[in-house]
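Participant: So the protein lines, in turn, are chains A and B. Position 249 of the first sequence, counting from 1, maps to 249 under my numbering, and the rest follow consecutively. Quick note, my numbering runs 1000 ahead of the 1-based positions in the second sequence.
These aren't lab readings, by the way, just hints derived from the structure by calculation. Take these hints with a grain of salt, some might be off.
Unchecked claim - Restraint ranges, calculated between C-beta atoms of paired labels, are given here: (1) L259(A) / V1255(B): 44 to 50 Å; (2) Y1244(B) / P59(A): 33 to 39 Å; (3) P1100(B) / G63(A): 29 to 35 Å; (4) K1179(B) / V3(A): 43 to 49 Å; (5) S1110(B) / N272(A): 34 to 40 Å; (6) S6(A) / T1207(B): 29 to 35 Å; (7) P1122(B) / S120(A): 39 to 45 Å; (8) V1255(B) / S120(A): 38 to 44 Å; (9) K95(A) / N1215(B): 30 to 36 Å.
Unchecked claim - Chain A stretches covered by chain B per the calculated footprint, using a threshold of three residues with CB under 8 Å from any CB of chain B: (10) 17 to 27; (11) 69 to 83; (12) 188 to 196.
Here a beta-carbon is modelled for each residue, glycine too, at the ideal position from N, C-alpha and C.
2 protein chains.
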Amino acid sequence: MKVVTSPEEIQILAQQYRSQGLLIGLVPTMGWFHEGHLSLMRRARQSVDRVIVSLFINPMQFGPGEDLDNYPYDLKRDCRLAEEVGVDIIFAPDKGSMYPEGFATTVSVSGLTSSLCGASRPGHFDGVTTVVAKLFNLTLPHLAVFGEKDFQQLAVIRRMVADLDFPIDIIGHPIVREKNGLAMSSRNTYLQKDEIPAALSLSLSITAVKNAIKNNSGQTITPADLKDIACQIVTEHPECEIDYIEIVDKTTLQVCTHLSEQSLLVMAVKINKRIRLIDNSLLMES
Amino acid sequence: MKVVTSPEEIQILAQQYRSQGLLIGLVPTMGWFHEGHLSLMRRARQSVDRVIVSLFINPMQFGPGEDLDNYPYDLKRDCRLAEEVGVDIIFAPDKGSMYPEGFATTVSVSGLTSSLCGASRPGHFDGVTTVVAKLFNLTLPHLAVFGEKDFQQLAVIRRMVADLDFPIDIIGHPIVREKNGLAMSSRNTYLQKDEIPAALSLSLSITAVKNAIKNNSGQTITPADLKDIACQIVTEHPECEIDYIEIVDKTTLQVCTHLSEQSLLVMAVKINKRIRLIDNSLLMES
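Just chain A, with the same shape it has in the complex (with noise of 0.2 Å):
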């Protein structure tokens, strides 16, 4: 496995594989990998013949008060977990390459990036799609794997593909969970040993308002009813702070008034104004 640091170097050697009629898959990461994000190289592995994972904290992507300074770090680490899955090249830019002085240019989805986590983290989008355009066209991938725990940031990224036209495939890739039911991330490391059970509010409160849809098939339970079941299970944690709970559309993010195979229960909570943590589900998977 090799380990780029330069921008014009992957683009170089990805024009390369692509000359050489390579098909190339993309994983955009932050780093720090957990089981989550290994499913996505593994994922990437078994479509393409060249996996470029690109582990970059893009500071365009953090407000002011987030945790860019402090989030997770270990590239040793990390490269050793990406080789043992078979990726072959991580490609890990310092901030002044990426984004050099003068730079100007903004990448942004409107509509899609306004409600839920966009609501609550201003800019973080266009941070998101910015790097993520940069990091297409410096690794023109054939395809790029996302995880379906940042439900709106894949929706956001596939509007941007389809409206400007990338030819490259994009594939959702499930959530990974913790045995005890937590959806994987890198912020679970911020996690103290006395706020897991207020961390596991938030999939406990999942599976909470699946059985409550099997266990009403017969009778109308309506998306308001099922959201309410959720806010419950996550508010009897005095740790927890819901930044939002809601069904909605899983492509176009509207919110729900009747239950449909699209639904998809999402959810923010804020744990000791510390840790926001993620999770989100489809309601009725077929």
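Given the structure of chain A, go ahead and fit chain B onto it with the hints provided.
Facilitator: Chain B in isolation, oriented as in the chain A frame:
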């Protein structure tokens, strides 16, 4: 020469050219070709195997009250002219295929776009950068040729390409002028015969400024003095309303405090409140 209207089709074609190792050149246009456009096509022809000319009157770069609905259009005429200079493909999509329902993405460049044409045409450059990003992804060119008449567009596109890491060489190509000095433009077609003298004041003022520099080589002449000379010549015509006349750095578009080889005299003038003409020239070409 082939005319392609489908974005999907042009992208597949471009991918085929790429996989055959052919070099692709793009010339983005809004049609109604004149010698200026044809010179861009010839320039591309020199360097690549396949010349694609896009012809799309991009609604996103027109503001309310601008000439979108009157913009001259004759695909048959344009195809004949393009074929004569050796163009391989005209890509002429319709609005619906470029901006389908739900389209929500904008590529924007800050700073460079706030002054000059950007100040009088809010949103114009967002429309330009967004459509050019789409055209780049649809036609996958190795190089793209833009006219230097649209100097601000050229600076903005160069910025976007550098910032988003598009692997594309951007080539600026010199202004082509009528024998009388008028910079060629599709919008010249709006000029009535008695408006020609007013329209010529733009190129005449450029000549006057250049002469003033030559004749003052021993003494100091400031950009402010030169701006005055140009303004005076243009305002002699009551039909002319100056939008801007400035001497700016050709890359940063910042107003020059002293002359250098980067100094560009730029102007936009409205003739009889109907026809907005632009022109520019480097002042100290080596």
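Participant: With reference to the structure, classify each hint as holding or not holding.
Facilitator: The hints, checked one at a time:
1. L259(A) / V1255(B): 44 to 50 Å: violated (60 Å)
2. Y1244(B) / P59(A): 33 to 39 Å: holds (35 Å)
3. P1100(B) / G63(A): 29 to 35 Å: holds (32 Å)
4. K1179(B) / V3(A): 43 to 49 Å: violated (60 Å)
5. S1110(B) / N272(A): 34 to 40 Å: holds (37 Å)
6. S6(A) / T1207(B): 29 to 35 Å: violated (46 Å)
7. P1122(B) / S120(A): 39 to 45 Å: violated (29 Å)
8. V1255(B) / S120(A): 38 to 44 Å: holds (40 Å)
9. K95(A) / N1215(B): 30 to 36 Å: violated (50 Å)
10. 17 to 27: holds (count 3)
11. 69 to 83: Violated: only 0 residues of the segment 69 to 83 of chain A have a Cβ under 8 Å from chain B.
12. 188 to 196: violated (count 0)
Of the numbered hints stated above, those contradicted by the structure are hints 1, 4, 6, 7, 9, 11, 12, listed in ascending order.
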